[in-house]
Every structure is written in structure tokens, then in C-alpha cells.
Amino acid sequence: MKLDEETIWQELGKITDPEIPILSLVEMKILRSVSVSDEGVKVVLSPTFIGCPALDVMKNEIRSRLAALGCEHVTIETTFSPPWSTDMLDDEVKEKLRVFGIAPPPRTGEELVAVLSLPVACPFCNSSHTHLESAFGATLCKQMFYCDSCRQSFDRFKPI
Amino acid sequence: MSSDFPRAEVQTLMLSLADDELMLGHRNSEWTGYAPILEEDIAFSNIAQDELGHSMLWYILYEQLAGKTPDEMAFEREWNEFTCCRFVTYPKGDFAYTVVRQYLFDEAEQVRLKAFANSSYVPIKEASVKILREEAYHLLHTKGLVERLGDATEESHRRMQTALDAAFPQSLGMFETLEGEEDLVTAGVFPGNKQLQAEWLKRIVPVLNGASLAAPVKDPDGACSIKVSPDLGGRKKKHTEDLKQLVDDLQAVYRTVPGAKW
Chain U
177 MKLDEETIWQ
187 ELGKITDPEI
197 PILSLVEMKI
207 LRSVSVSDEG
217 VKVVLSPTFI
227 GCPALDVMKN
237 EIRSRLAALG
247 CEHVTIETTF
257 SPPWSTDMLD
267 DEVKEKLRVF
277 GIAPPPRTGE
287 ELVAVLSLPV
297 ACPFCNSSHT
307 HLESAFGATL
317 CKQMFYCDSC
327 RQSFDRFKPI
Chain R
596 MSSDFPRAEV
606 QTLMLSLADD
616 ELMLGHRNSE
626 WTGYAPILEE
636 DIAFSNIAQD
646 ELGHSMLWYI
656 LYEQLAGKTP
666 DEMAFEREWN
676 EFTCCRFVTY
686 PKGDFAYTVV
696 RQYLFDEAEQ
706 VRLKAFANSS
716 YVPIKEASVK
726 ILREEAYHLL
736 HTKGLVERLG
746 DATEESHRRM
756 QTALDAAFPQ
766 SLGMFETLEG
776 EEDLVTAGVF
786 PGNKQLQAEW
796 LKRIVPVLNG
806 ASLAAPVKDP
816 DGACSIKVSP
826 DLGGRKKKHT
836 EDLKQLVDDL
846 QAVYRTVPGA
856 KW
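So the protein sequences, as listed, match chains U and R.
Here the first sequence stands for residues 177 to 336, where the numbers follow my numbering.
Here the second sequence stands for residues 596 to 857, where the numbers follow my numbering.
FYI, nobody ran anything at the bench for these hints, they're computed from the structure.
There's no promise every hint is true.
Which chain R residues stay away from chain U? Per the calculated CB distances, all over 10 Å, these [to be verified]: (1) 628; (2) 663; (3) 724; (4) 747; (5) 773; (6) 774.
List time: in silico BS3-like cross-link candidates among lysine-lysine, alpha-carbon distance up to 30 Å [said to hold, decoys possible]: (7) R:856 - U:235; (8) U:318 - R:687; (9) R:720 - U:235.
Each residue gets a CB set at the ideal place from its N, CA and C atoms; glycine is no exception.
The following block holds chain R by itself, in its conformation from the complex (with noise of 0.2 Å):
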């Protein structure tokens, strides 16, 4: 690695990344058993394994930088020290919401792992290769979803249409700038969050509308056309109290008896 190397950078963006893939995965795993039909429930359950894996994987990465494994990231750290967008933390709502997150959460890991691909630093290369393939899976399930409830009745219509009206602002938050983001641009780690914000409103406006879904976008290829402010934080460890209580259950455990072997 060259001395230019951004490595303090190329940490905050590795757990960025495990930090939304953990919380977001436990959020899905809450679905076990509760979902509305029993394949939705192996599915998210599924989806919800796939992101804790993934997330394992960004905190190796991390852990190859700065020593920390992924049990110490993951149980041992405060809520307010996670770095997770906030949209990943809310809890899992209406099935309609959970659905909505999933697929816009679905439609920037494509962007995200296709930038990634061709990252500068090799192990996030090689890491976004194999993760984009398992994305597939996801991207197509949820993408199905969204064309068929957000017109299939009129109650589906409307409950996705609430959740969307919810999830759009959360879901700004994912691309929230990082600390000392412009290094890792100018490094060719990744492009940066506003060129992918912009990749991803170009992919997911098409498809909300094609569902009679309405997106708070005017246009999607235009500078300032988003109507609505972002809900951000996240980046900066300001988290909501739904984030306590997510890191409360996931915790639990591990707290019980620290350092247990299974």
C-alpha cells in the first residue's frame, strides 16, 4: 500500500457499510415467523442471513486495518457508536415498509458494490464482486414486490405508498456523506455517496413509477430535485432511541456471559 493510502478513511467507510448490513439484518430477522405469508418469511429470513454474512465480511476488512474483530465491533460497542444510517435502524413497521426498505436498501447495494468493483483497494474489489452476485437474489425478489403491490389493490396501493412516503427520507441517509470522504475519492476507493445517490434516483424512480408509486422526485437526472429533506446522522453516531433498543436485543446475549465459547 502506497503512503497516500487513505487508511483512517477507508476504516470509517468499512464500518459504515457492516454497521447498515448488521442492523438491517436484524431488522429482517425480526420477520422470522411473524411474516404476513410463510414464503416471505423464508425469504427475509434468508435476506436477513445474507446481510449479517455480508456484514461479517466489511468488518473483516475493517478488523485487516485497525485489529478489531467483528464480535468486538458488532456486541461490544455503545448504540451511540455505531455508525449506521438511521433508516437501517427504525423498526421493521407495516410488512408494506419493511418491503419499500428493503428494495431502495436493495437498489443502492447495487450501485455501491458496482463502484466498488472497481475500487482502488483491492480487498473491497474482491469483497463487492461476491457480494453483488448474492445481491442478485435480493434485487430481484424485492424489485418483484414493489411492481406487484404497489398496484394490486387499492389497499396495497395505499400501504406502500405510506411506507414510501416514510422510507424515502430515511433512505437519503444511506448516502450521507463520510468523514474525510473527498480522500477516498481522490484515492479511486470509490466514486462518492452524491455521484451513487445520483446512480441509484436513476434506477429507482423508473421502477416507483412504473408501480404507481410516487416518489418525491422531480427529476431524476436533474441537480436539485429532490422535494424533501434527508434525515441524516447516522454517519455521525446521532442515532434515534429505536437504535438503543435495536442494539439492546441484539446484544443481549453476548452480555450475559462476555467471551462465551459455543
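The following block holds chain U by itself, in its conformation from the complex (with noise of 0.2 Å):
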């Protein structure tokens, strides 16, 4: 059987991101492509942070779903044109990630370094009287913050 292009971004679109799990992969923007061939699938993922871990697991589960639909010529190709960037979620992915308790990203455009400095609203109480507790944080794409009011530590994802 010869898949669609359209069936597979659906099932696909079931993978979640490992260190993200109310995330897809979709939703997510590193699947950036899918292209049926008579050679097979071609999948193309554009990675968040490079060395994040959760790209091999993600992998594994894309060549398991596209097995379990009887796709045996699978390949799986990284890019970085354009780079992922948080510019790229949209704004309910950024308003599930606050639900979620992670301080979503603001737009960096070209200007990230002068964005780290804007203050951070806290996920839970909505106060800017918050301020970065550890620049770096549990997994690759967060940084620790602590809410003055609400007095809870919350994650934030980085902007890249």
C-alpha cells in the first residue's frame, strides 16, 4: 500500500516531544517535511536545540508508527534551513505551554540577547515579579524563574 502524504503527517502527528508531552511534533514545528517516493518516505525534522536528546527518541517513534503502516524505505533527514526557532510556534502552542506551567517564549526576531533581559510573566499568577533563578535549567530548552508573588519556581522555555 502506498501511503499519502496526509496520512502520514496525521500519525505523525501523534508523536509527542518526549521532554514536552503535551506537545506534538507538529505542533512542535520540527516536522518540517514529508515526502512520498517510489524509493519511500522521506521525513525531514528540523531539531530544536542540537544536542537535545529527545530527537533520537523522536526518531525511533517515526520509524515505528511509518513500520506499523507498512512503510519499509524510511528516511529520516535533519535541517537546519531555516533554523528552528520559537518564532515558529503559534500562539495556542505558546498559551498550552503556559497551561502547562512553562513560561512560553517571547518573539526574538534578530534581537535575542536584548529579549533575555524583558521581564518574564509567571504561568500561574500572571505577575512580571518574577526573576531568573538559574540561566540554565532541567533540559536544554528551559531556564529556571521564581515568581515574587506567587512564590513558586516555575521553568521557562528559552527563546532561541
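Work from the hints to combine the two standalone chains into their complex.
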């Protein structure tokens, strides 16, 4: 059976990011393209942080899901053109992050460093009385903040 | 790719970058569980993971030209086959040394990656644009530490200055001339290490001086301004026993069961 690309997008859209289990590969904009040809299926991914170990987990999941659909010849490529950026995330996706308890990344454009000094709103109480607790966090894509209003620590998705 | 593309020289360049990131990443990972405060433990563990990721990316670019996989290059070579600069191979030392080393490396990454972003070789260009954004976090962190620790207390100043005295001559090894480097410059792959080093000095000297740290440099704009001799040899695979120890450690698990699938 030859699968169409739409079916594959739908199937791979069920895979979630192992480090952010509320978001799918599609929502995270990690899945860049799917193409079907006589040689098989080609999937192109754009990695979030280059050293992110979740990418290998996702690749394995893609292979096993496509195998279950009967795809034998699967190639998975990665692309950095254009590089993955948090600016690619849709507003609804950022809102999902906030509800999950992770402060979403602000838009960066070309001015990444300038954006890092802006205040960060607490995802729980929305207060801007927060401070950076640790520039790095539990995973490569997060950093730790503390809310001085509701006295809760929280993760912030690093703008990149 | 045109016929005058300097294939072998690009491989040399990719490997030197990958080896640098691999070794420094490993040295940084030695702080996991041992850093002086929890935040620094997390920071250096994260930086280590980032650098290992960057090394893999450079190894993949190498693989595209040379056919050897990242695992083969990282785990199946002998210690005296790596082309990292010696600077990244030395033990992690005092935490002040780690901070100074990482800062000097991060600034070198800035000038290198910004130059690569204009490379005539597209894979280098694309990889650099991506890595540069991640590196912004490293530089912000290590520069902040240098600025704060350089003149915080008498002890912090003394330890940072001692670290800089040791690290500075070593750090010049990052810019050791590569074999066939002139061909890379001619082909527009990168502007050459001499120019990168000059740009790097212009960045680091004001920051170090601003933190009351003395770098052995007369005038960062002058031609013969460096007063110490550089610790070279790494690019020619001439290393010290420190790299042997590091590579033994790095490859221990892989060599226990070669080819094991995890």
C-alpha cells in the first residue's frame, strides 16, 4: 500500500515531544516535511536544540509508527535551513505551554540577547515580579525562574 | 560543488571544530555533581550537553565529505589522532579556570561562527547560524561570571587571575593554523585563524580589563601585541597525557562492548 502524505502527517502528529508531552512534533514545528516517492518515505526534521537527546527518541518513534503503517523504506533527514526557532511556534501552542506551567518564549526576531533581559510573566499568577533563578534548566530548552508574587518556581522555555 | 572546492581542507576544519567541542564538552561534564553551587552544576552540565551536540553536528558535516560516522570519529580513534587544540584537553582545574576557559572559548565561538555565517560552503553557513543562537546563552553566562568574579573579593580576583595566567597562552591554540588553511581562505570558506584571533582579542581584552583582570596583551589592535608564547601543537595531533586520560575516560564504555546497540 502506498500511503499519501496527509495520512503520514496525521500519524506522525500523534507523536509528542518526550520532554514536553503536551505538544506534538507538528505543534513543535519539528516535523518540517514529508514526501512519498517510489523509493519510500522521506521525513525531514528540524532539531530544536542541537544537543537535545529527545530527537533520537522521536526518530525511533517515527520509524516504528511508519513501520506499523507498512512503510519499509524510511529516511529521516535533519535540516537547519531555516534554523528552528521558538518564533515558529503558534500562539495557541504558546498558550498550551503556559497552561502546562511553562512560561512561553517571547518573539525574538534577530534580537535574541535583547529579549533575554525583558520581564517574564509567571505562568501561574501572571505577575511580572519574577526573577531568573538559573539561566539553565532541567533540559536544554528551559531555564528556571521564581515568582516573587505567588512564590512559586517555574520553567521558562528559552527563546531561541 | 566546483572542482576547486578544497574538500580535504574543509574536512580538516570540520574535524578540528568537532574535536574541540567534544573535548571541552567532556571536561565541562566533569562538573556534573561537583560544581561549587547547584546553579553552576546545572549550567556547566547544560553547556556540556550543548557542546557535545555541536560536536556531533560538525562530525556529521565531516561525515558528509569523508564517510566516517560521528561514533567512529569520537570513539574509535586513538588519543593522538585527535586534532583539538590542547586548550580544551586540560583538566577542569579550579572552578575559576573552568570559567575563564569557557569564557575565552565562547568568545572565540562568537567570532568564528559569525565568520562562518558568511562561508562559501553552505553546510557550514547553515550550521553556524543555528549554533550561534544557542551560544548566546553560554556567552551571557560565562561573561557574567568573569565580570562578577574578576573583582568581587580578593580571593576571587586572585583565583581568576591565576586561571587567566594559565589559560591565556593555552587559549591561543584555538587559532593554531590548520594544514591547508590558505586554500580555505582563498575559497571563502572562512577568513583564516589569524584574523579570527585578532577579532577575538578585541572582544576579550576590554571585558577582562573591565573585570580587573590583566591579559598579557599590550594593544589588542597592534600586530605584535601578545607577550606570551602560544601553547600550540594540538592541530598537529601533538598532545599531552591529559588528552590520553580524557580519551580513556570518554571511550571506556564504548570500548567495553564495541558496536553495542542501546
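Distance rule for residue 747 of chain R, whose beta carbon must clear each one in chain U by more than 10 Å:
holds, 18 Å
Pair hint residue 318 of chain U and residue 687 of chain R, alpha-carbon separation not exceeding 30 Å:
holds, 25 Å
Was residue 773 of chain R rightly flagged as not at the interface, with every chain U Cβ beyond 10 Å?
holds, 23 Å
Non-interface claim for residue 774 of chain R versus chain U (Cβ beyond 10 Å)
holds, 27 Å
Using Cβ atoms and 10 Å as the threshold, tell me whether residue 628 of chain R really stays out of contact range of chain U.
holds, 15 Å
Starting from residue 856 of chain R, check that the Cα of residue 235 of chain U is at most 30 Å away, please.
Measuring from Cα to Cα gives roughly 15 Å; hence the hint holds.
Say whether it holds or is violated: residue 663 of chain R keeps its Cβ farther than 10 Å from all Cβ of chain U.
holds, 18 Å
Minimum Cβ distance from residue 724 of chain R to chain U greater than 10 Å, as the annotation requires
violated, 6 Å
What's the verdict on residue 720 of chain R and residue 235 of chain U, does the C-alpha distance respect the 30 Å limit or exceed it?
holds, 25 Å
Violation of the numbered hints given earlier is confined to hint 3; every other hint is satisfied by the structure.
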